[in-house]
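J.: Starting from the structure of chain A, add chain B where the hints point.
Protein chains: 2
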Amino acid sequence: MTRFSFSISATDGVARTGAITMRRGDIRTPAFMPVGTAATVKAMRPEEVRAAGADIILGNTYHLMLRPGAERVARLGGLHQFMGWERPILTDSGGYQVMSLSELTKVTEEGVSFASHLDGTRHMLSPERSIEVQRLLGSDIIMQFDQLVPTTSMREAQREAMERSIRWARRSREEFDRGGEHAERAAIFGIQQGALDREMRQASAEGLIDVGFDGYAVGGLAVGEGQEAMLGCLDFAIDMLPGDKPRYLMGVGKPDDIVEAVVRGIDMFDCVLPTRSGRTGQAFTADGPINMRNARFAEDQEPIEPGCPCPACVTFSRAYVHHLVRSGEILGAMLMTQHNLCFYQRLMKALREAIGVGQLGSFAASFLERYRSRARTIAEPVSG
Amino acid sequence: MTRFSFSISATDGVARTGAITMRRGDIRTPAFMPVGTAATVKAMRPEEVRAAGADIILGNTYHLMLRPGAERVARLGGLHQFMGWERPILTDSGGYQVMSLSELTKVTEEGVSFASHLDGTRHMLSPERSIEVQRLLGSDIIMQFDQLVPTTSMREAQREAMERSIRWARRSREEFDRGGEHAERAAIFGIQQGALDREMRQASAEGLIDVGFDGYAVGGLAVGEGQEAMLGCLDFAIDMLPGDKPRYLMGVGKPDDIVEAVVRGIDMFDCVLPTRSGRTGQAFTADGPINMRNARFAEDQEPIEPGCPCPACVTFSRAYVHHLVRSGEILGAMLMTQHNLCFYQRLMKALREAIGVGQLGSFAASFLERYRSRARTIAEPVSG
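Those protein sequence lines, which keep their order, are chains A and B. Quick note: the first sequence uses this note's numbering, first residue 1, plus one each step. Quick note: the second sequence uses this note's numbering, first residue 1001, plus one each step.
Next up, chain A with everything else stripped away, as it sits in the complex:
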């Protein structure tokens, strides 16, 4: 049986569509991975995540190692069995969360020592421990452990972190290869760093390619630099990564970010936006995001997004969802999250189809024009 293969069925410019084949199932690309931080895509049942169109979800190493604990998940049969999701799972390495969430963090060549944000207990994440945790979880796509520094860091600090990340990439790869049965069915991705700097991005890519990975992520973006800067970086960074391997843009993003990145050759995405927005009252539509708390929806009999085939839109009105969201009802979060995940997956499907028929340029232009026009004409408060 195939461990990991990536086949491209059609290209359009530098964009491509195809599928990653793994033992737990195929991942159609370009793919959006809903985030299941704590072994649950928040407010969704696994079958609803699948019905929305997801082929793969993302789990967070940092959160899961702290609660319920990687060894515990392993004793319970692995993350898939634990949370009732049979298809592929990608786990991040914990490198991002350990810098953004934990406290009293100390970085050495060995790894990162930190205090849990939950209870202050001290833990260590190294390339070896990160891969071990991901293996204990039973992850299908493992991410290398990397070092992140704030985008405001001096160039020298950026360079040191990028170079250390290459050394950690090699240690991650070596630990992955010691995984025995797990290594025979899972895959491992490297993560390109280098902030917005072309020369550092090139050095990072060359270092990772020298190690050799099943796929390559573009890391260190979508951390506050703005869409224009991010796309400008993608314009040169993507081409540095092997064209025959999946390219994954971590932590992205808004629907228009995704369209722009697919046009530039990205194959995989993850982001908390559709789920988090679902809990704060923001719904995504082809005409841009809308805030369901807005009083103008109080007696609106239309669904969240007219024409959307998702169960939330088929059954319920904006008036009802508005009432639920305003009242802080759990069902409001359930319905909004369901719609948002369906919106994202419908967008990915439309992108795949547009590439398949060689119409990505016109699809993207049309989508972006409509999506952004509302944002330009209506100054509506939205929460991120």
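These are computed hints drawn from the structure, not numbers from a lab. Ideal placement from N, C-alpha and C gives every residue a C-beta, glycine not left out. Please note: incorrect hints may appear among the correct ones.
To be verified - If you want a taste of the chain A side facing chain B, the calculated C-beta under 7 Å gives, among others:
| hint | residue |
| --- | --- |
| 1 | T40 |
| 2 | K42 |
| 3 | P68 |
| 4 | F82 |
| 5 | G84 |
| 6 | T315 |
| 7 | F316 |
| 8 | A319 |
| 9 | Y320 |
| 10 | H323 |
| 11 | S327 |
| 12 | I330 |
| 13 | L331 |
T.: Leaving out everything else, chain B in the frame of chain A:
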């Protein structure tokens, strides 16, 4: 088409099983009505409430008149369409919540003036307004507006409230009968008051019967008097109500309360316990309630209740639900609520079947022995 009929298919002692037939569907009795306070059975989709076995749900007049507002619900097509529940809905009269939740309450013969607990705006509930609100919601079973006083009130205050409730029962009935098309498809129940006093319960029942209702509720119980006192009151109060009409014990209760009340001739129940407990980590099982937050479940691979056919038990382990509840995840509330509602509905089905075959006594004894034995032997903290 039948507006409202109650047919008894079997009796066992004073207990009975049968069905209420209404235009929106049959209600198998004894029936448990999940509470949908704010136009949602919290954390559940309507189809999940139905799949759990519910024939009817309860809506709260007080909450709905304040948010989203009865006139607004009417403009949106009524409560059934608003919340996506096509089967019967019973609405309470607001009499209980207006005394327990609102502020600056002033009671006169006309009705109750109060300030909303949401925003302090002043509102009035009278028999006429309560029935009007319930009609605007499109309720199938309307409850009369009654006056509640604390159980610690002096006997004279209890008597005055009981007697006023009879006068309000007549005004409620008259307003209901002025309802035109609504009165042709809906039903109205009276509410017996009189605290724990036999003579007052008798006077209340006689007053209500003189007005004439489709069904009769036992009110003013399950308000802190304890199970023994409640059952002692039921022992004489139920027989005062017409045997050919449904008898509804409002706000009850724990599974063992329900079994004891069915044995005494009650046909209908409502209670927030299965839903509220589902959000606080308490699961109901045939062996008594368990607190899923308890550390002993952290690696327990059994379902919440072994043998339970509900989707939560079929798919997920106690270990997973424990993790979700401890992590404050919405999915934890969803799964726990689903199990609890399924448990309650399975209990009602078992009670109906036991009455049908004349085995209620042995079923009840067996259920209560098993349900209570665990509570006796394990001092487990449960939240109510």
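J.: For every hint, state whether the structure bears it out.
T.: Verification of the supplied hints:
no.: 1; hint: T40; in the structure: 5 Å, holds
no.: 2; hint: K42; in the structure: 6 Å, holds
no.: 3; hint: P68; in the structure: 5 Å, holds
no.: 4; hint: F82; in the structure: 5 Å, holds
no.: 5; hint: G84; in the structure: 5 Å, holds
no.: 6; hint: T315; in the structure: 5 Å, holds
no.: 7; hint: F316; in the structure: 6 Å, holds
no.: 8; hint: A319; in the structure: 5 Å, holds
no.: 9; hint: Y320; in the structure: 5 Å, holds
no.: 10; hint: H323; in the structure: 5 Å, holds
no.: 11; hint: S327; in the structure: 5 Å, holds
no.: 12; hint: I330; in the structure: 4 Å, holds
no.: 13; hint: L331; in the structure: 5 Å, holds
Every hint from the earlier list agrees with this structure, and none is contradicted.
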